[in-house]
Amino acid sequence: MQYHMDKTLRFWVEHEAESTKRKFPNLSQSQLIASILCEFESAGHANRFVRKDGKIGWRATDKMREDLFEQEQAALDNDDDD
Amino acid sequence: MIEKLANLPGHRTIGKEIDYSRHCGVRYGDAALAQDIKRLHRIWRNVQSDRHRSAIYKFLTAVFELIEWWRVERLVICRANRALALTGSRAIDRCDPFSAVFVAAIAPRKLERRKLSKYTRALRFAAAHKPPGKRLDRFIKKYGGLNGCGSEFAKQRRRSRHGG
Numbered sequence: 016m017q018y019h020m021d022k023t024l025r026f027w028v029e030h031e032a033e034s035t036k037r038k039f040p041n042l043s044q045s046q047l048i049a050s051i052l053c054e055f056e057s058a059g060h061a062n063r064f065v066r067k068d069g070k071i072g073w074r075a076t077d078k079m080r081e082d083l084f085e086q087e088q089a090a091l092d093n094d095d096d097d
Numbered sequence: 058m059i060e061k062l063a064n065l066p067g068h069r070t071i072g073k074e075i076d077y078s079r080h081c082g083v084r085y086g087d088a089a090l091a092q093d094i095k096r097l098h099r100i101w102r103n104v105q106s107d108r109h110r111s112a113i114y115k116f117l118t119a120v121f122e123l124i125e126w127w128r129v130e131r132l133v134i135c136r137a138n139r140a141l142a143l144t145g146s147r148a149i150d151r152c153d154p155f156s157a158v159f160v161a162a163i164a165p166r167k168l169e170r171r172k173l174s175k176y177t178r179a180l181r182f183a184a185a186h187k188p189p190g191k192r193l194d195r196f197i198k199k200y201g202g203l204n205g206c207g208s209e210f211a212k213q214r215r216r217s218r219h220g221g
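For the protein sequence lines, the chains are B and X, in the order given. Per our numbering, residue 16 is the first one in the first sequence, and the count goes up by one each step. Per our numbering, residue 58 is the first one in the second sequence, and the count goes up by one each step.
With the rest of the complex left out, here is chain B (with noise of 0.2 Å):
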C-alpha cells in the first residue's frame, strides 16, 4: 500500500524506517511505514486527512515541528557549550 505523507514526515518516516528495518527485519516496507505512522500518530506527531482525490494523506502536526525545532534548538546549544 502507498502512503501519501508530506515532506517533513516522510523525511522521519523513512529515517525511522531504517532503524526498525534492522530490528524487524521480517517487515516488509508497508508494514514497516504503517507501524511507525501508526507510532508517530499516538505520540501526536503526525494526523491523517482526506486528500482531494478521496485517498487518506498523512502529515507532521504542528507538535512534530515544535519537537524538531526545540530539538534542534538544543543540539545547537550543546554544540556552543563544546
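The hints are simulated quantities; they were obtained by calculation from the structure and are not laboratory data. Hints are not guaranteed to be accurate.
[Claimed, not checked] Pairs of lysine-lysine residues, derived as DSBU-like cross-links and limited to a Cα-Cα distance of at most 30 Å, are as follows:
{"no.": "1", "chain 1": "B", "residue 1": "K67", "chain 2": "B", "residue 2": "K38"}
{"no.": "2", "chain 1": "X", "residue 1": "K167", "chain 2": "B", "residue 2": "K70"}
{"no.": "3", "chain 1": "X", "residue 1": "K175", "chain 2": "B", "residue 2": "K67"}
{"no.": "4", "chain 1": "B", "residue 1": "K70", "chain 2": "X", "residue 2": "K115"}
{"no.": "5", "chain 1": "B", "residue 1": "K22", "chain 2": "B", "residue 2": "K67"}
[Claimed, not checked] In silico contact screen, one side only, chain B against chain X (beta carbon under 8 Å); selected entries:
{"no.": "6", "residue": "M16"}
{"no.": "7", "residue": "A49"}
{"no.": "8", "residue": "L52"}
{"no.": "9", "residue": "N62"}
{"no.": "10", "residue": "I71"}
{"no.": "11", "residue": "T76"}
{"no.": "12", "residue": "M79"}
{"no.": "13", "residue": "R80"}
{"no.": "14", "residue": "A90"}
Owing to the predicted nature of the structure, the values given are computational and were not obtained by experimental measurement. Even glycine gets a Cβ: it sits at the ideal position worked out from N, Cα and C.
Starting from the structure of chain B, add chain X where the hints point.
Leaving out everything else, chain X in the frame of chain B:
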C-alpha cells in the same frame, strides 16, 4: 442558494465523492484518538487568544478534516462516541459526530449551546455540499459565513422533512 450549489461545476455530495474502500490500514488506537482530541483542544485554546475574526476557521477546519477521514473509514459514529468516552463525556445513541467532537475537544461547559449549534450546522452543511479540495473557510464565507451556512442547513432540513 441550494439550487445554486447544485449547479456548481463538479459539485458532489461527500457521500459520492469519497471512495469508502480506501481504508488506509493503519490502526487507530485510543492513544491516537486522544492525541487528535488534544490537538483540537490546543487549536481551540490558540483560537481563543486570537482576536482575528476568522481565527475560528482554523479550529473548524481541523474538526472537519478529522470527521472527514473518519467518514472515509465508515467509523464516524463509533469514533465520535469513543472520543466522548475518552474525555469522560457520556456516549449518546444518536450522536452527531460534529457536536461530539466539539464537546470532546472543548469542555462542554466552556462552549455556549448556541455557538455549538451554529458551528455544528455550518459544518454539516459543508460536509454535504463542499466540493473536494475547496478550503472550508472560503466555502463557508461564500455562503454567508457561519450563520449563512447554518440557515441554509436549517432550510434544507425543513424541506427534506416536508418532502418538498
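Here is what the structure says about each hint:
Our distance criterion of 30 Å between C-alpha atoms is broken by K67/B and K38/B, whose separation comes to about 36 Å. Restraint check: the Cα-Cα separation between K167/X and K70/B comes to about 35 Å, which exceeds 30 Å; the hinted pair is violated. Among the hinted pairs, K175/X with K67/B is consistent with the structure: their alpha-carbon atoms are about 26 Å apart, no more than 30 Å. Of the supplied pair hints, the one linking K70/B and K115/X holds, its CA atoms being roughly 22 Å apart against a limit of 30 Å.
Taking the CA atoms of K22/B and K67/B, the gap is near 17 Å; set against the 30 Å cutoff, the hint holds. Because the beta carbon of M16/B sits about 6 Å from the nearest beta carbon in chain X, less than 8 Å, this interface hint is met. With a least beta-carbon distance of about 5 Å to chain X, the hint placing A49/B at the interface is held under the 8 Å criterion. A hinted interface residue such as L52/B counts as satisfied when its beta carbon comes closer than 8 Å to some beta carbon of chain X; here the least separation is about 5 Å, so the hint holds.
With 8 Å as the threshold, the beta carbon of N62/B comes within range of chain X, its nearest partner Cβ sitting at about 6 Å, so the hint holds. This hint holds: I71/B has a C-beta 4 Å from the nearest C-beta of chain X, less than the 8 Å allowed. Interface restraint check for T76/B: the shortest CB-CB distance to chain X comes to about 6 Å, inside 8 Å, so the restraint holds. Hint on M79/B is violated. Least Cβ distance to chain X is approximately 11 Å, over the 8 Å limit.
Because the closest C-beta pair between R80/B and chain X is about 12 Å apart, greater than 8 Å, the hint is violated. Hint status for A90/B relative to chain X: violated, with the closest Cβ pair at about 25 Å, above 8 Å.
Going down the numbered hints, you'll see the structure goes against 1, 2, 12, 13, 14, while the others check out.
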